[in-house]
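A.B. asks: Listed here are the chains, written in short residue letters.
Number of protein chains: 4
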Amino acid sequence: MRGKVGIVVVDYQLAFTEPRYPLGGAPLVMRGLENTARFLKVARAHNVPIATCFTAYKTERDMPHWKVAAVRDQFRLDHPSSALDPQIYDKDYDVVVCKFGPSIFFQTPVVPYFIKEGVETVIITGCNTSGCIRASTIDSFQWGFRTIVPEDCVGDIEEGPHRVNLHDVGRRYADVSNADNMIAYFKQSTTLKFQSARAHVGQVERGVQALKLFTVIQNVVVASLSLKAEQFKQQSHGALGARLR
Amino acid sequence: MRGKVGIVVVDYQLAFTEPRYPLGGAPLVMRGLENTARFLKVARAHNVPIATCFTAYKTERDMPHWKVAAVRDQFRLDHPSSALDPQIYDKDYDVVVCKFGPSIFFQTPVVPYFIKEGVETVIITGCNTSGCIRASTIDSFQWGFRTIVPEDCVGDIEEGPHRVNLHDVGRRYADVSNADNMIAYFKQSTTLKFQSARAHVGQVERGVQALKLFTVIQNVVVASLSLKAEQFKQQSHGALGARLR
Amino acid sequence: MRGKVGIVVVDYQLAFTEPRYPLGGAPLVMRGLENTARFLKVARAHNVPIATCFTAYKTERDMPHWKVAAVRDQFRLDHPSSALDPQIYDKDYDVVVCKFGPSIFFQTPVVPYFIKEGVETVIITGCNTSGCIRASTIDSFQWGFRTIVPEDCVGDIEEGPHRVNLHDVGRRYADVSNADNMIAYFKQSTTLKFQSARAHVGQVERGVQALKLFTVIQNVVVASLSLKAEQFKQQSHGALGARLR
Amino acid sequence: MRGKVGIVVVDYQLAFTEPRYPLGGAPLVMRGLENTARFLKVARAHNVPIATCFTAYKTERDMPHWKVAAVRDQFRLDHPSSALDPQIYDKDYDVVVCKFGPSIFFQTPVVPYFIKEGVETVIITGCNTSGCIRASTIDSFQWGFRTIVPEDCVGDIEEGPHRVNLHDVGRRYADVSNADNMIAYFKQSTTLKFQSARAHVGQVERGVQALKLFTVIQNVVVASLSLKAEQFKQQSHGALGARLR
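Chains as they are written, first to last, in this note's numbering: chain A, 1 to 245; chain B, 1 to 245; chain C, 1 to 245; chain D, 1 to 245.
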């Protein structure tokens, strides 16, 4: 990873996670949902920006030329299957967008949100690997982010396209990893500690009781910067090592 | 105008149209609201695509670096002043987006919606002329649309910036007109009649009772195409005339 | 097809079409190049807008995080392999962009160019099917265009990913067709005749000898509109037929 | 300023800086050109990413609906007035884009380039204040960047619109400053020292003689991180101070 981290959660809406809907409840999707839920809990504790999306339209007039009949017929703003799955959605924390195309970045405010947060690395979760995950991964890459796809946080209705598409993006645009690696990184990362501390400074700047808190946080920041220097050296070693292998 | 027409309605939300809010109820804005309401009624009858927006955020974390204190403090998703003014909003017809920046086109699905509708000319309404109207007009122009700003359908808290910004866009990017001209064009336009007929055909394509209706509509289409040929000649004359003056 | 048509030609640069370069000369790519060259000749005769692109960077600093070593090392602005293949490039006709990401539409002026031309249907040609064609097809779809991929106008270094990716886009976003169908459509299409006539009117509007030419063109336009009415009926029949099957 | 810094240079092409062209040589533009040239020299020494643009088209067909006759007639790719002014352009350093609309960010790779560089603050230079600078400033703001406009690095053909537009953006989107402040900040900034050191690390990562250089640079990085911690405390004080005034 490089710099600050942001996470996107793509289309974990009931249409894909509830077996009663025509596209819902596929095993790989349910596995992705569980791992993502587990991962997001850790991420929120580190103050990592999370953007979640669902796909829905008012009428067939305002949607692109979808060839998938179930999308044309049921992905509507007022349909119950458009609700986000409660396992991955924290309404007090996550930023939510209703997307129009396959990519969560396509004509949504997710890129500017991540720019404002200083994000340089994006982690992709959600479904389906061969559709909206593929599209979101391409976009993350072409927007200039370093991109990671934890394989067990994304899912697909079919296993073949899941594998083939991870292979396509893994050789070109992104690093394919898994939930446990992400969680381990978050738990030990001093960059994330710094990210967290900085967010607190941000709140303080705007807050009323700024002065009292300030001295405390300052100490945290200085401490985390020292850690960061240490980690920077380690990362640089790591990067070189990867090149030399 | 050229080709099919689309209309955008920018930020006629209660924050600007209700005098009880700090930025609300300015005379030019209220004038713009009334003229826009009048104009949209005619537009809906001609099946013209309408995209309406408001500006609101979840927290200060997910908004750009606004310098306007009232925006930073009150433009929130859960604040009553973010609701659209009922005078310009038809929930059964208009497509609505929550925008992030000053421009209604910035990272929203309005451009793809207009592409799918075949729109070539965009009419801009809303507030404020020196802020979000200026930004939306620049974007409409740079997305390649022929752009019209009916002066009395847009408003500003102050008259000076209203005039100066209309002057800036009028000499570079857009034609400045007024509500009556727009309404007169819509009432006589055979392009719009064609647009309307085509929309019906679109519904028929997807509909259940397609075959019966089809013959009727076919006749309308053929008739409107003949009118269109007539109008095309007139428009071409008009265009030449404008050049020769 | 629907409405006016635009064509994109993706990355037929020497890096992919010359066998002396590491990624160059794959059989499917050479087949795609030949069919595209044949198709573009017909398209230019019908005044169809064509946008061609290549991928190149100044240094590794201004490129996204490519994992493909050959792209990182050789896709440079000053490298001879970045030149467009002369078989598909007409410098007096085509609009050319240097793209940054896999998609020809990503942060290039191709979408606004097509909006200004009134394009509603996009035909995708170029290479590689499992990389930049996949990305460009997703973008064409999510920008709201009706999208067609003529299978024998796109190519890939490997056949497996070529097939799998066409399958992925064909079931979701686009119609998969071939060069002969495209050429036959163009040769018989009165929409394209109209598109061509209108372009002439556009030139006339701006031209010096407008008045003399005008009467002649007017007759063409009226004639082509009658043809268009005829064709519209046929298309509508076709659309219904497709639904009823 | 916040985080890493990027600079855009808008339309300092001969059409605006050479008196022999219809829009060229206005006093405010020449003043802006000189200050920008002086500022960019310092910025390049600190390894700050610089994106420069000019506006030009192939034909009238592929440009937006410009109302400015001189733009329609002379802003062509093959016209000598489209060349960048040598005073502000370093071909070995700057990234250059040919833009389509008024904003340097509109459908160009400048945003992804800045994302990859981790830019959080953008400084805007160029011309004209009431046209392309206004548009670029709005875009910088809505893409989520903290935005600064040094007043004497931007210019306009007329002084009235120059002032009015700086006022419009200064109360909403950006901080208005000047060249001397920017230069002073760069000369004392340890963030920029860090940015510079990191770039060297980046080169090292890719380089051949990585290992030898590495130990040296590591020491620089650790030293600059200590400085950064110091500066962070100072900046935080500054930010609070600004709020309390």
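Honestly, I wouldn't trust all of these hints.
Which copy is meant is left open, so a pair is good if it fits within one copy or across any two.
[Claimed, not checked] Cross-link-like lysine-lysine pairs, in silico, DSS-like; alpha carbons within 25 Å at most:
#1 58 / 41
#2 91 / 58
#3 67 / 187
#4 41 / 67
#5 58 / 187
#6 41 / 91
Honestly, the hints are just simulated from the structure, not real lab data.
A.B. asks: A separate judgement is required for each hint: does it hold in the structure or not?
C.D. replies: For each hint, the structure was consulted:
no.: 1; hint: 58 / 41; verdict: between (32 Å within a copy, 20 Å between copies)
no.: 2; hint: 91 / 58; verdict: both (22 Å within a copy, 10 Å between copies)
no.: 3; hint: 67 / 187; verdict: neither (43 Å within a copy, 27 Å between copies)
no.: 4; hint: 41 / 67; verdict: neither (36 Å within a copy, 30 Å between copies)
no.: 5; hint: 58 / 187; verdict: neither (41 Å within a copy, 27 Å between copies)
no.: 6; hint: 41 / 91; verdict: within (13 Å within a copy, 37 Å between copies)
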